[in-house]
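Whatever position you read off the sequence shown (first residue = 1), add 1 for the working numbering.
Using 25 angstroms as the maximum straight-line C-alpha spacing, the simulated PhoX-like pairs for lysine-lysine come out as follows:
hint : residue 1 : residue 2
1    : Lys73     : Lys127
2    : Lys127    : Lys99
3    : Lys151    : Lys80
4    : Lys11     : Lys21
Listed next, with one range per pair, are the computed distances between beta-carbon atoms:
hint : residue 1 : residue 2 : range
5    : Asp7      : Lys127    : 14 to 22 angstroms
6    : Thr83     : Glu129    : 31 to 39 angstroms
7    : Glu67     : Ser119    : 20 to 28 angstroms
8    : Thr24     : Glu129    : 37 to 45 angstroms
9    : Thr24     : Glu115    : 39 to 47 angstroms
10   : Lys21     : Glu115    : 37 to 45 angstroms
11   : Met2      : Thr83     : 30 to 38 angstroms
Hints are computed from structural coordinates only; laboratory data are not their basis.
The C-beta atom is built at its ideal place from N, Cα and C for all residues, glycine as well.
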Amino acid sequence: MEYTFDICLKNRHLLERFIKSHTLEELNKIPDGFNNNIIWNIGHSIATQQLLTYGLSGLTPPVSMEFINSYKKGTKPEKDVTQEELSLINEMLFDTLKTLQKDYEAGIFKDFKEYTLSTSGGTLSKVEHGLDFNNFHEGLHLGCIIQLSKLVKG
Numbered sequence: 002m003e004y005t006f007d008i009c010l011k012n013r014h015l016l017e018r019f020i021k022s023h024t025l026e027e028l029n030k031i032p033d034g035f036n037n038n039i040i041w042n043i044g045h046s047i048a049t050q051q052l053l054t055y056g057l058s059g060l061t062p063p064v065s066m067e068f069i070n071s072y073k074k075g076t077k078p079e080k081d082v083t084q085e086e087l088s089l090i091n092e093m094l095f096d097t098l099k100t101l102q103k104d105y106e107a108g109i110f111k112d113f114k115e116y117t118l119s120t121s122g123g124t125l126s127k128v129e130h131g132l133d134f135n136n137f138h139e140g141l142h143l144g145c146i147i148q149l150s151k152l153v154k155g
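From just these sequences and the hints, can you work out the full model?
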């Protein structure tokens with residue numbers, strides 16, 4: 002699983018680059034024809050990781066449910082993210098991954114509720130599947146962010 006965590010860390014560094022290379026206004030901008038923005042995609046990546054691991058294992062995620070409910074599947078930006086919220090999201094990119102890896106190594110993910118993916122129909126049946134799918138999911142959202150970045154930088 003070390004490789005799986007390493008891939009996620011590399012992706013999180015790529016996501017952080019977008020935070021650092023865009024203004025708050027650019028991160029919050031929703032281009033015409035889109036229903037979300039760069040920072041929502043980053044927050045969504047964090048929230049989804051928490052749900053795919055802690056949530057499906059019946060554990061309380063370390064991230065607040067308020068945050069998760071703002072960025073989970075089916076949501077969209079309801080307001081602009083503030084500088085304070087942006088700083089928190091940037092910290093969570095790495096803190097959540099460190100905590101997840103520590104918890105995984107401690108063996109806390111004993112139970113896992115099987116989950117059928119709406120995108121492919123595949124089924125996640127253990128936390129390792131959730132971790133692997135998370136990397137795929139974050140890669141999809143990285144692609145969205147790349148496109149959004151081109152549009153907001155104009």
